[in-house]
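Protein sequences appear in the order of chains A and B. Convert by adding 65 to the 1-based position in the first sequence; the result is the number in this note's numbering. Convert by adding 65 to the 1-based position in the second sequence; the result is the number in this note's numbering.
The set of hints was computed from the structure by calculation and includes no laboratory data. One or more of the hints may lead you astray.
If several chains are the same, the list does not tell them apart, and a pair holds so long as it fits within one copy or across any two.
[What the hints assert, rightly or not] SDA-like, lysine to any residue: derived pairs with alpha carbons at most 25 angstroms apart:
| # | residue 1 | residue 2 |
| --- | --- | --- |
| 1 | K77 | M209 |
| 2 | K116 | T103 |
| 3 | K319 | D376 |
| 4 | K373 | L320 |
| 5 | K319 | M357 |
| 6 | K319 | D94 |
| 7 | K160 | L112 |
Protein chains: 2
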Amino acid sequence: MEKPANTVGQVKTEYFTFAEDDDEYLILDSGKRFGPVTVAYETYGTLNTEKDNAILLCHALSGDAHAAGYHSENDKKPGWWEDMVGPGKAFDTNKYFMICSNVLGGCVGTTGPASINPHTGKPYAMDFPVVTIGDMVKVQKKLMEHLGVQKLLAVSGGSMGGMQALEWALRYPDCVRSAIIIASTACLSAQSIAFDAVGRNAIISDPKWKGGNYYGGDVPAQGLSIARMIGHITYLSDRSMHEKFGRKLQSSEKLNFDFSSEFQVESYLDYQGTKFVERFDANTYLFVTKAMDYFDVPEYYGGGSLEKALDLIKARILILSFTSDWLFPPYQSEEMLDAFVQAGKDVSYVNIDSPYGHDAFLLEYELETRLIGTFIDATYNNEMFWEEKW
Amino acid sequence: MEKPANTVGQVKTEYFTFAEDDDEYLILDSGKRFGPVTVAYETYGTLNTEKDNAILLCHALSGDAHAAGYHSENDKKPGWWEDMVGPGKAFDTNKYFMICSNVLGGCVGTTGPASINPHTGKPYAMDFPVVTIGDMVKVQKKLMEHLGVQKLLAVSGGSMGGMQALEWALRYPDCVRSAIIIASTACLSAQSIAFDAVGRNAIISDPKWKGGNYYGGDVPAQGLSIARMIGHITYLSDRSMHEKFGRKLQSSEKLNFDFSSEFQVESYLDYQGTKFVERFDANTYLFVTKAMDYFDVPEYYGGGSLEKALDLIKARILILSFTSDWLFPPYQSEEMLDAFVQAGKDVSYVNIDSPYGHDAFLLEYELETRLIGTFIDATYNNEMFWEEKW
Numbered sequence: 066m067e068k069p070a071n072t073v074g075q076v077k078t079e080y081f082t083f084a085e086d087d088d089e090y091l092i093l094d095s096g097k098r099f100g101p102v103t104v105a106y107e108t109y110g111t112l113n114t115e116k117d118n119a120i121l122l123c124h125a126l127s128g129d130a131h132a133a134g135y136h137s138e139n140d141k142k143p144g145w146w147e148d149m150v151g152p153g154k155a156f157d158t159n160k161y162f163m164i165c166s167n168v169l170g171g172c173v174g175t176t177g178p179a180s181i182n183p184h185t186g187k188p189y190a191m192d193f194p195v196v197t198i199g200d201m202v203k204v205q206k207k208l209m210e211h212l213g214v215q216k217l218l219a220v221s222g223g224s225m226g227g228m229q230a231l232e233w234a235l236r237y238p239d240c241v242r243s244a245i246i247i248a249s250t251a252c253l254s255a256q257s258i259a260f261d262a263v264g265r266n267a268i269i270s271d272p273k274w275k276g277g278n279y280y281g282g283d284v285p286a287q288g289l290s291i292a293r294m295i296g297h298i299t300y301l302s303d304r305s306m307h308e309k310f311g312r313k314l315q316s317s318e319k320l321n322f323d324f325s326s327e328f329q330v331e332s333y334l335d336y337q338g339t340k341f342v343e344r345f346d347a348n349t350y351l352f353v354t355k356a357m358d359y360f361d362v363p364e365y366y367g368g369g370s371l372e373k374a375l376d377l378i379k380a381r382i383l384i385l386s387f388t389s390d391w392l393f394p395p396y397q398s399e400e401m402l403d404a405f406v407q408a409g410k411d412v413s414y415v416n417i418d419s420p421y422g423h424d425a426f427l428l429e430y431e432l433e434t435r436l437i438g439t440f441i442d443a444t445y446n447n448e449m450f451w452e453e454k455w
Numbered sequence: 066m067e068k069p070a071n072t073v074g075q076v077k078t079e080y081f082t083f084a085e086d087d088d089e090y091l092i093l094d095s096g097k098r099f100g101p102v103t104v105a106y107e108t109y110g111t112l113n114t115e116k117d118n119a120i121l122l123c124h125a126l127s128g129d130a131h132a133a134g135y136h137s138e139n140d141k142k143p144g145w146w147e148d149m150v151g152p153g154k155a156f157d158t159n160k161y162f163m164i165c166s167n168v169l170g171g172c173v174g175t176t177g178p179a180s181i182n183p184h185t186g187k188p189y190a191m192d193f194p195v196v197t198i199g200d201m202v203k204v205q206k207k208l209m210e211h212l213g214v215q216k217l218l219a220v221s222g223g224s225m226g227g228m229q230a231l232e233w234a235l236r237y238p239d240c241v242r243s244a245i246i247i248a249s250t251a252c253l254s255a256q257s258i259a260f261d262a263v264g265r266n267a268i269i270s271d272p273k274w275k276g277g278n279y280y281g282g283d284v285p286a287q288g289l290s291i292a293r294m295i296g297h298i299t300y301l302s303d304r305s306m307h308e309k310f311g312r313k314l315q316s317s318e319k320l321n322f323d324f325s326s327e328f329q330v331e332s333y334l335d336y337q338g339t340k341f342v343e344r345f346d347a348n349t350y351l352f353v354t355k356a357m358d359y360f361d362v363p364e365y366y367g368g369g370s371l372e373k374a375l376d377l378i379k380a381r382i383l384i385l386s387f388t389s390d391w392l393f394p395p396y397q398s399e400e401m402l403d404a405f406v407q408a409g410k411d412v413s414y415v416n417i418d419s420p421y422g423h424d425a426f427l428l429e430y431e432l433e434t435r436l437i438g439t440f441i442d443a444t445y446n447n448e449m450f451w452e453e454k455w
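Turn these sequences into a full structure, and let the hints guide you.
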């Protein structure tokens, strides 16, 4: 298949395992010890000899390590951030070395609830520990050490990826030169927790969930599908749904007067639900949404004060939000901005005018490219930022 | 129990049955013939000898005929619109005669999917026909005839109740002197249809739903509960959820690191879901949300034009919306206002500043009382409105 010229091309997911010895186990935020951990990751571009051009890309809830390129000659679907990662793109592989890994608790190569627990020979299922965004970042730190990267030029992601970027800057302030936090938040609102909780409820209520022990049999497809449908509504905006679907019917001008999915928006949600079940593990959905609900920067790092928390950060910060994002609304980014400004940090913020809701972070790549590209180049090239922060 | 002074006091639900003969059957909007139909209703106040002081109150999705007062001496819970209906209240029973009935397809006394189909001796379940807001209004019209009311002084309701008020003014323009449309819309947005669809999906996916034939056995409690949780999130606002729950934990300062409902907002949703299952029929949830999704005034009455549709109306109109209502947002009320104005109708509109989201229509009763009370009195007392419109 003919691939576009500005892609990283064919790529391969690699694996790194650590904490095979009990004394190297990860200490989770819950206090539990956990290991071994295998991390699925991909890299694009080349790490220079100074090892100062590495950028970590962090994925959102349903993402994985495959951020860019194609997995085979005939692969039609590129990585999840293909629009942003590649030669000459926002994350420019001609200049920088990109790393992306699947999160702890995930289901695409990194140790998660579907992985075999070496102590039992069975999948962890609900014996998998409840992990935090901080725990995900600890695993990424191990990967950086494995790759010989002491300090990241940038760490970036959208949504839950943005939380990881912020967490990196907080947890390892001396290892991050810049963080790019997109369509994200320092903590979820009650409304977002509520949507997550209902999604988890749908999974747990599915009789096929069986306390999480469904591996090798039927998966809780209905529950996971409903969780995904709820999620999808929150990723779009009222306006984008109106423009995309409005009240259009699926197949005829006349109402069916039955319970078929006759509105186009219904059939879209059905499709999204079904497609998701094919590629995603229901237990991972539970663990990853829980990690997001627990994410609370003011509480964890600032004793309740966002400003006090963000004062720990040494990295340059770029925050991007989207006007129509109602899952992690601009006011949450503005609260971060205010706290960074109060703490006297090097912070930039753009609230991008977009109709696409939360999904905008994957769609508004032209403006993002200009903003992010400039920000990274400035961080890399400007002596001032080097001397001051390195 | 001591009751407040300004209540209608103890009331009783009454029942009226029509179409017991096949030739009196209701012709539904789907074209189907349906009967017999029993209507559960309550009345408060006195119909005057001129029979010109009758006001119909229309309930929302989960409401019923019990709008005001108490069902027994020891009843602690008044009707759903107690704050608005009674002596000296917005809907003043000292002056006016109030009627409220459970909708067709409902589960609190009016014929619905849980009712016995006289032709089979079994509950209709999914053999119940798909009905519309128009069909609900046709049933209310039969009730008005039964009560000897030829013309309503006002018809009013919030949310789905507002749709019925609008439908009355459209379907029976000569029988309605005024309509008060609160927190409502001339048609649902794609986003609202999507939320309804996911709720229905949750019910239908529950194995206990059994194609709707669960009567006499276990009800699809999990599915209905999830549908209700989704609904509840849409009835509140981000801000009201933040103020009510924020990120507060249920019982301790420490995170549990498990999947219990530890955030207060989670336990609130659990409670709302469970409570709803005790009082509401899952099949009714399917039929009533479907009726809302089908409601489409521009399409049904105006060949796609809202202005053309609303031009059919002779009633005076009062529209109320709430700034933080994102289920039926103010812009939908403003679209109605614009179309009414374009059509040269007698219309008033107030967008009430409130943090309570869609639920505000049940909570902002002080301001609603002033606006609605004045509007009804003016309609009743002003000779001009009589001569012109009667």
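Taking the hints in turn, this is what the structure says about them:
no.	hint	in the structure
1	K77 with M209	within (18 angstroms within a copy, 72 angstroms between copies)
2	K116 with T103	within (24 angstroms within a copy, 79 angstroms between copies)
3	K319 with D376	between (60 angstroms within a copy, 24 angstroms between copies)
4	K373 with L320	between (57 angstroms within a copy, 21 angstroms between copies)
5	K319 with M357	between (43 angstroms within a copy, 16 angstroms between copies)
6	K319 with D94	between (56 angstroms within a copy, 12 angstroms between copies)
7	K160 with L112	within (9 angstroms within a copy, 82 angstroms between copies)
No hint from the list above goes unmet by this structure.
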